[in-house]
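Number of protein chains: 2
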Amino acid sequence: MTQILGHNYIGGQRSAEGSVIVKSVDASTGETLVHDFHQATLGEVDRAARAAASAYPAFRALSAERRAEFLEAIADELDALGDEFVAIVCRETALPAGRIQGERGRTSGQMRLFAKVLRRGDFYGARIDQALPDRAPLPRPDLRQYRIGLGPVAVFGASNFPLAFSTAGGDTASALAAGCPVVFKAHSGHMATAEWVADALIRAAERTGMPAGVFNMIYGSGVGEALVKHPAIQAVGFTGSLQGGRALCDMAAARPQPIPVFAEMSSINPVIVLPQALAARSATIARELAASVVQGCGQFCTNPGLVIGVRSAAFSAFIEQLAGQINEQSAQTMLNAGTLRSYVKGLDKLLAHKGIEHVAGTAQQGNQAQPQLFKADVSLLLEGDEVLQEEVFGPTTVVIEVADQAQLSAAIHGLHGQLTATLIGEMADFEQFSELTPLLEQKVGRILLNGYPTGVEVCDSMVHGGPYPATSDARGTSVGTLAIDRFLRPVCFQNYPDSLLPDALKNANPLGIQRLIDGQISDRTLG
Amino acid sequence: MTQILGHNYIGGQRSAEGSVIVKSVDASTGETLVHDFHQATLGEVDRAARAAASAYPAFRALSAERRAEFLEAIADELDALGDEFVAIVCRETALPAGRIQGERGRTSGQMRLFAKVLRRGDFYGARIDQALPDRAPLPRPDLRQYRIGLGPVAVFGASNFPLAFSTAGGDTASALAAGCPVVFKAHSGHMATAEWVADALIRAAERTGMPAGVFNMIYGSGVGEALVKHPAIQAVGFTGSLQGGRALCDMAAARPQPIPVFAEMSSINPVIVLPQALAARSATIARELAASVVQGCGQFCTNPGLVIGVRSAAFSAFIEQLAGQINEQSAQTMLNAGTLRSYVKGLDKLLAHKGIEHVAGTAQQGNQAQPQLFKADVSLLLEGDEVLQEEVFGPTTVVIEVADQAQLSAAIHGLHGQLTATLIGEMADFEQFSELTPLLEQKVGRILLNGYPTGVEVCDSMVHGGPYPATSDARGTSVGTLAIDRFLRPVCFQNYPDSLLPDALKNANPLGIQRLIDGQISDRTLG
Chain A
1 MTQILGHNYI
11 GGQRSAEGSV
21 IVKSVDASTG
31 ETLVHDFHQA
41 TLGEVDRAAR
51 AAASAYPAFR
61 ALSAERRAEF
71 LEAIADELDA
81 LGDEFVAIVC
91 RETALPAGRI
101 QGERGRTSGQ
111 MRLFAKVLRR
121 GDFYGARIDQ
131 ALPDRAPLPR
141 PDLRQYRIGL
151 GPVAVFGASN
161 FPLAFSTAGG
171 DTASALAAGC
181 PVVFKAHSGH
191 MATAEWVADA
201 LIRAAERTGM
211 PAGVFNMIYG
221 SGVGEALVKH
231 PAIQAVGFTG
241 SLQGGRALCD
251 MAAARPQPIP
261 VFAEMSSINP
271 VIVLPQALAA
281 RSATIARELA
291 ASVVQGCGQF
301 CTNPGLVIGV
311 RSAAFSAFIE
321 QLAGQINEQS
331 AQTMLNAGTL
341 RSYVKGLDKL
351 LAHKGIEHVA
361 GTAQQGNQAQ
371 PQLFKADVSL
381 LLEGDEVLQE
391 EVFGPTTVVI
401 EVADQAQLSA
411 AIHGLHGQLT
421 ATLIGEMADF
431 EQFSELTPLL
441 EQKVGRILLN
451 GYPTGVEVCD
461 SMVHGGPYPA
471 TSDARGTSVG
481 TLAIDRFLRP
491 VCFQNYPDSL
501 LPDALKNANP
511 LGIQRLIDGQ
521 ISDRTLG
Chain B
1 MTQILGHNYI
11 GGQRSAEGSV
21 IVKSVDASTG
31 ETLVHDFHQA
41 TLGEVDRAAR
51 AAASAYPAFR
61 ALSAERRAEF
71 LEAIADELDA
81 LGDEFVAIVC
91 RETALPAGRI
101 QGERGRTSGQ
111 MRLFAKVLRR
121 GDFYGARIDQ
131 ALPDRAPLPR
141 PDLRQYRIGL
151 GPVAVFGASN
161 FPLAFSTAGG
171 DTASALAAGC
181 PVVFKAHSGH
191 MATAEWVADA
201 LIRAAERTGM
211 PAGVFNMIYG
221 SGVGEALVKH
231 PAIQAVGFTG
241 SLQGGRALCD
251 MAAARPQPIP
261 VFAEMSSINP
271 VIVLPQALAA
281 RSATIARELA
291 ASVVQGCGQF
301 CTNPGLVIGV
311 RSAAFSAFIE
321 QLAGQINEQS
331 AQTMLNAGTL
341 RSYVKGLDKL
351 LAHKGIEHVA
361 GTAQQGNQAQ
371 PQLFKADVSL
381 LLEGDEVLQE
391 EVFGPTTVVI
401 EVADQAQLSA
411 AIHGLHGQLT
421 ATLIGEMADF
431 EQFSELTPLL
441 EQKVGRILLN
451 GYPTGVEVCD
461 SMVHGGPYPA
471 TSDARGTSVG
481 TLAIDRFLRP
491 VCFQNYPDSL
501 LPDALKNANP
511 LGIQRLIDGQ
521 ISDRTLG
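Residue numbers (full-length UniProt numbering), protein chains in the order written: chain A, 1 to 527; chain B, 1 to 527.
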């Protein structure tokens with residue numbers, strides 16, 4: 001049982017130097033919760049970043065096995081958080097208990113998956129070029145490369161995944177796996193949740209003998225800027241709005257030492273419904289697509305915000321079916337009042353646009369979000385109108401009819417970068433529209449066939465990333481094991497005697513890992 | 001035999017729309033060469049970027065084998081550039097013919113090494129998680145990931161390596177290998193050289209059937225800004241000054257769509273001389289170190305600009321030996337008049353600083369660079385004085401005496417990010433000073449034992465990178481095969497039928513590459 005103190009977590013201690021109190025809110029009733037959270041002072045932000053920097057040399061020097069044990073201990077602590085915890089998360093987010101239980105499992109599973117990555121050892125990127133003392137005209141020295149953590153990482157969690165993309169979420173897991181201590185900025189939407197999770201994380205750190213300062217957490221609004229600008233911070237992970245993410249990118253780029261920011265921001269996740277699929281299973285697609293649009297009250301980064309099809313009687317019928325489905329969906333409570341306000345604002349923009357018509361959905365009113373369906377003219381995409389490109393976070397989607405196959409490609413060309421794109425089709429469609437896959441590859445991080453983008457599997461092959469503005473750096477992913485790459489950098493050793501090399505690069509290959517040796521991938525040992 | 005036209009290279013054509021003429025100069029005599037180079041107009045910059053964008057879909061869709069053949073054809077064309085070419089490079093750079101012949105071999109070798117990488121296939125980063133249809137509570141879809149080129153890359157070459165870090169240098173080679181068309185901004189210091197190399201590259205592109213626009217080159221000053229800001233450009237490679245590199249970073253970060261910049265900028269490459277090494281071979285170290293300082297007139301990114309040792313009679317004697325060696329070195333001609341002006345300015349700053357004394361070297365005068373040795377007080381490092389952190393590009397170095405082992409660590413803590421650090425020592429030194437390797441790992445991209453940082457091997461394990469300000473992104477390298485990673489991003493396919501997947505991800509593994517399949521690295525085929 002956790003007692004909510006509301007103090008910041010700095011270097012293994014709790015700290016409440018500030019007098020500004022922030023409060024958490026019951027997302028369903030709007031009632032203010034009893035707990036007082038102490039907004040971090042600038043001094044506390046500084047101490048948190050320094051604590052992470054102090055922990056860095058010891059933490060990164062730990063074996064991958066030790067870090068794996070730490071991640072597994074976090075996973076066990078998360079799994080042990082019981083009904084009282086689930087109840088507080090539900091209260092702060094209005095998400096149902098089943099969803100939170102599932103997300104808890106996903107969050108601990110993610111920690112265990114990174115433990116596997118650490119033991120597998122490919123994250124080291126170990127490379128060895130043995131000396132060629134007799135090479136002419138010049139001998140080649142022995143050169144070996146592996147990767148180390150960048151240093152302390154600042155993480156900003158998301159409102160919509162209070163566990164999986166938050167305190168002990170994917171950014172924290174991948175940073176810790178890489179050997180980077182973390183300073184986490186607790187999301188104001190679920191501070192009690194954050195405290196429970198931080199306590200679990202600190203218990204795991206103490207139990208596995210991690211250095212104090214390996215994980216730090218600060219409360220409050222307006223503390224993020226000081227954190228991102230702190231010289232000790234070497235990278236930033238963020239999930240949230242385009243405006244918020246871009247602001248962090250701009251701050252990070254303007255530092256005396258610029259640092260990388262991995263911000264996952266805005267995506268409308270187009271779903272392209274192809275003709276043969278409509279002929280075969282129009283009603284099913286309408287039902288499944290509507291379910292994906294309203295799942296979790298549409299509060300997913302991968303929520304399908306755009307549906308594109310080629311004009312035809314079948315596509316018109318499909319729009320009617322989809323409208324019928326949307327009309328049948330119930331209103332749902334959003335994560336917080338601010339999210340609902342943004343949703344209302346987003347709907348108003350769509351309603352006010354003369355190129356967009358409202359097709360289905362009960363007029364928005366009250367304290368819950370009403371699912372909506374709109375239809376927009378294709379010219380909005382072709383001419384680059386920003387209204388369609390902006391994610392409306394919530395249970396709504398916009399249908400677009402294109403004239404023909406050529407205009408479909410042109411419309412896709414008009415899209416900004418996305419996390420996902422989905423093709424719904426039969427094999428005959430994919431043969432006829434074979435230009436779509438290479439085109440979409442240039443626009444998105446993940447392409448799905450005959451599925452729905454909501455639901456992001458945590459695995460080696462997942463890409464939860466994509467070209468701007470879906471993320472700030474298309475080379476990263478914030479879900480899946482490749483996420484660790486964002487926080488690693490290579491270091492080369494030249495002419496080092498074996499005894500002084502890190503284990504990953506020693507001749508005897510004591511870690512038993514795959515390495516690129518003289519141009520060949522192998523787990524062999526050397527002379 | 002190449003005729004110098006001085007026209008820009010755009011989409012496989014030559015273009016000279018502008019009326020601004022820029023001229024190349026004989027680096028030894030200051031004489032203006034006859035050729036007229038037409039500075040690209042804004043319209044031409046736009047067309048060059050668009051030509052690269054037009055080439056991108058076709059170029060990235062080519063098999064890795066086809067791209068490898070292109071790189072090998074470039075290598076052959078470079079090797080075939082004969083004495084007339086070497087003479088013009090020497091004329092534009094004042095570098096000796098032997099050096100240019102060697103650099104030509106390095107540049108073609110680099111192209112061939114990337115061809116090997118393309119055939120090896122690890123650059124794909126292929127990952128497969130097979131479907132788990134029976135998993136509870138939810139089945140897992142089939143998920144597969146590989147990497148594709150980011151899109152058109154703008155490359156800015158270096159003055160000091162007119163071949164290996166220029167038109168067909170490492171940035172161009174790694175971008176082309178990644179499937180990214182290139183727009184190269186010719187360096188104003190060697191435009192005739194650039195034209196010879198661009199012609200070779202275009203011949204190779206035509207001979208191997210590459211799309212027009214796979215390589216473009218523009219002349220002139222002030223054209224870089226328009227290039228970096230062009231919406232078609234998706235990444236930037238740069239080698240040069242801190243000021244120039246940072247300006248490009250700032251421009252790229254301020255774009256509507258920010259893009260990554262890989263700028264290799266400023267490094268003073270500390271050499272730490274340890275006590276037992278001094279006892280064993282002081283005179284040899286002094287001789288070898290002086291040779292490294294003046295090699296190529298000190299015009300290397302990895303030139304040793306700082307020498308650190310622990311105060312002792314032996315270290316004092318070593319400084320005298322080093323002074324003697326520096327006094328024996330001859331003046332040399334620099335790459336161009338601007339480089340010499342910068343060198344003189346850098347020396348004047350050191351001479352004017354009251355914490356720095358001049359130890360050896362003929363007073364700087366005339367048209368050549370005089371090798372110099374300075375000694376600085378350790379407080380300059382401990383207190384973060386910027387004068388020592390700024391690279392003085394040329395044949396000069398600064399010695400620092402630290403009081404003891406603890407102060408040595410403190411001094412290293414005071415350093416900014418570096419490309420390299422070097423330890424000169426005996427085994428007993430490395431045991432006594434075992435804290436140095438982990439400390440230096442946090443500061444540099446490459447650590448050398450008992451070698452000298454000048455001379456950068458092109459191989460899989462090389463890291464020519466490091467924390468800011470050595471580079472703008474410590475996660476990259478601009479030399480060695482890992483350089484390709486900078487220009488790749490992952491894409492995930494969910495639930496794709498085998499026939500629609502790229503070859504790298506097909507069940508039958510037609511490319512015969514290593515892949516991460518269900519968490520295990522293997523070259524096996526799948527059901």
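It should be emphasised that the hints constitute simulated quantities derived from the structure, not laboratory data.
Be a bit skeptical, because a hint or two may be false.
Taking lysine-lysine pairs in the DSS-like style, the calculated list, with each CA pair at most 25 Å apart, reads [unchecked claim]:
id: 1; chain 1: A; residue 1: LYS443; chain 2: B; residue 2: LYS506
id: 2; chain 1: A; residue 1: LYS345; chain 2: A; residue 2: LYS375
id: 3; chain 1: A; residue 1: LYS443; chain 2: B; residue 2: LYS375
Quick caveat, the model's predicted, so the values are computed rather than measured.
Evaluation of the provided hints:
1. A:LYS443 x B:LYS506: holds (22 Å)
2. A:LYS345 x A:LYS375: holds (18 Å)
3. A:LYS443 x B:LYS375: violated (55 Å)
When the structure is compared with the earlier hints, a violation turns up for hint 3 alone.
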